[in-house]
Amino acid sequence: MSRSIPKLIFAFTVLFFAVFFLYPIWNTVQEAFFDPDGEFTLSFVGAIFRNPIYLEGLINAFKMGLFSTIASLVIALPLALVANRYRFPGKDVLTSLLLVPMILPPFVGALGIRQFLGQTGVLNTLLIDLGLMNPATPFDWMGEGQLFGVVLMNALHLYPIAYLNISAALANLDPAMEEAAENLGCHGLRRLWRVTLPLIMPGVFAGSTIIFIWSFTELGVPLIFDYGRVTSVQIFDGIKELSGNPLPYALVVVMLGTTVVIYAISKWLFGRENFASSGRASTGRTLEHAKPLTGWLFTALFAATTAIAILPHVGVILLSVAGDWYGTLLPSEFTAQHYIDALGHPLTVNSIGNSLKYASFSTLFDITLGIAIAYVVVRTRLPGRHLLDALAMLPLAVPGLVLAFGYFALAQEGQAFDFLILGEDPVIILVIAYAVRRLPYVVRSAAAGYQQTSVSLEEAAQNLGCTPWRSLQRVTLPLITANLIAGGLLAFSFAMLEVSDSLILAEQAQHFPITKAIYALISALGNGHYLASALGVWAMLFLATTIIGAGLILGQKMGALFRV
Amino acid sequence: MVSIRIRGLTKRFGETIALQGLDLDIKAGELFFLLGPSGCGKTTLLRAIAGFHLPEEGSIHFDDDDVTQVPPHKRNTAMMFQSYALWPHLNVFRNVAFGLEEQKVPKPEIRERVQQALEMVKMGDYAQRKINQLSGGQQQRVALARALVVRPRCLMLDEPLSNLDAKLRIEMRTEIRRICKEFGLTAIYVTHDQKEALSIADRMAILDGGKIAQIGPPEEVYRHPHTATVASFIGETNFIPGAVESANMDGSYRISSAIGEFTASPGNPEWKPQIGQKTLLSIRPECLSLSVEKSSQNVVAGKLAESVYLGEIAHYALKTESDPKTIHIAELNPRRVVREEGTLLYAAADPRDIVMVPAP
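Residue numbers (our numbering), protein chains in the order written: chain E, 20 to 583; chain L, 538 to 897.
Watch out, some of these pointers could steer you wrong.
Straight-line Cα separation of at most 30 Å, BS3-like style, residue types lysine-lysine; simulated pairs [as the list claims (entries may be wrong)]: (1) L:LYS659 - L:LYS641; (2) L:LYS732 - E:LYS310; (3) L:LYS732 - L:LYS564; (4) L:LYS831 - L:LYS856; (5) E:LYS286 - L:LYS667; (6) L:LYS862 - L:LYS831.
The hints are simulated quantities; they were obtained by calculation from the structure and are not laboratory data.
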């Protein structure tokens, strides 16, 4: 490949990120710190901390992040420890199934969980039927600020991230480290506490940081649960009165600042310590066969966790075929009417088309740019290729809500991105927004492909008279097709169920993507709930198809895409 | 200080048999070596003694205690791992103190004993260092201190020097022997480095296919190998296939081979070969001396194929007319080096240096 092309790719990527990543963030920061006369001021950010409602929102967001993280760890840690040590019946299948909840949209699942935990929900009905609860005073599981439901939904969605990180840390642990403790008389839980846990802490914290930032800024779930007193929802509400009001900007800056600080602290605490052992491991870990009874207990533990985690989505499926479901264990009658109604409803049909359009274009864009960026990073010695790599990974660390807000602010009349809104159609800005957030997945899978494909294969082609460009086309790209398809499928399916960009940037009903249509339907009266769940099932079907496809292509390697 | 008695020990991993009905006695206070090619079962045996593998059959006794089913943390052995397995989240002091803390030793005593142990391995000034600030040799010393400080019934060393450079290895192996003897420790040392074993072992066992092929002091194993595997695993040797002609009065045998007649004795004194039986002769390169004149017996004739001069020693390879095609000779303090390829040379051996082992 000629020397100028990597430079061109580099220049384009830097420019693209400058305009569509840094500039929106910078613009938001600027609005938050400079008054209309261009004077620097701390009064807007200060106002956030003086306003009891915003302060409560922040505290609630913090609680939401913290409790979701702790709950995810509580679920994931025992599972990871067991899987790292024992063989038990059905292990291979169960450990893969355990990751499924990560790819199910919590936004959709939240619809279903209300059906189980509401005052007239399944759990209460069951308890009343068993005589454990007084029918006159049903307990409201989701009451008391609804934080419980939000945390539960987040944890059931995000525990796979903790599981993957802890498993990776355990796999890197030299078994001799534990044997040495055993040998010196330290055993069982004591050994776990004194040796194993301290050694895997960096991995635990890496996972926790991602989960915390994710749930700290989560918008979809609290919206569905009507949990309004939380920063993300307050920002979402704030965009309705944006013109001339600096407070939403300040709120976004506070949220961004908090995530950056959390990220920095976790890097500072654990980034420096490299616990990877210096010598080579003396023994491979041999998996113990669990005793039959314990083994089946482990099987049950894994199966139950997965079952509970997908329960909300099962609820959505049931809701979508329920004629009536109120105060009973299962829907009292079943019907396909909601699907028929959904097909007749302008909002749903349009939204499926819109989502397909937005997701396809953004995926195409990601694959093109991903191939180019990964090529420069892996195959060239261009100075600054590491910067390129870091840039491409950056969207993983910045909350989607912050970026969505940045785009929204710039797309206002008279602002820099206004020209990207064609009439009232947000297609360009949405495609860009979707693409930026999902670029890391594609870059990562393409880079993995390049790394697995020896350069000498390309050189052999060039040696036979192929130009560098042709050799890339004829040799390397076909060899990494699997990686590209897998990365592309992930980008596509995540884009199909994107929440923050979709909710914030699509303003006209005819441009709504699926997620916003679901949100609009829920707020609608009448059979809105049922229509929303029918639409949710459609979305999950799309998602399942693409994820299963990606899983078939990538196999065991799929987990690697979710590690940061 | 304990003696260790192992009877009929069998350990399987799925289909593969790592140890099959192994018997072994290790005396109290002995520095005992386990050697063998990779996959022979030596590490499995060590880990079984430490309790990390539970055997399917057989028993392990420390003195009169049956420890076969005792979990590792109750065996009071101390193991030094090949990777050292020092915990990076604890500093040098805390690593060494770990075992004593587990034994609930009072704090002041811990401080004293840890410092003593560190002094003994010459790491007294490094107590507060982090593990990743230490070199490989220093880590090795800390690992040794951590194992010794608990005053174990038995010290286990799993290839403790394999991560060190050659010079440090020689220094550390004498150090390990000094410390073991000072404490009167029973120590079991696994290695694949024969030099380590020959230089510091009291006794050694050569394992082959999950069984003990030979057991004895270093010079006995080296000079009188019982089998071809042992002869070739410890040191270099030339194998000459032959057949037993007759038995001599002194217990030696006359052996005929394609390249001449030899007088030899069995490596294993209990082995009584029959007349006419096939056998292998093992003659080590340094047992052959070169000459240009032919003598009648215990001589190999061949043309010089290669000569390598190394100063204190010279290596020659002779090509012979039949099996074996090549004979290796090592001449100590070579005064004159023969370099002309194709020169006809004779290599003679003393009958005391020619060992008979069963033909495989």
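Q: Sort out which numbered hints this structure fails and list those numbers smallest first.
A: 2
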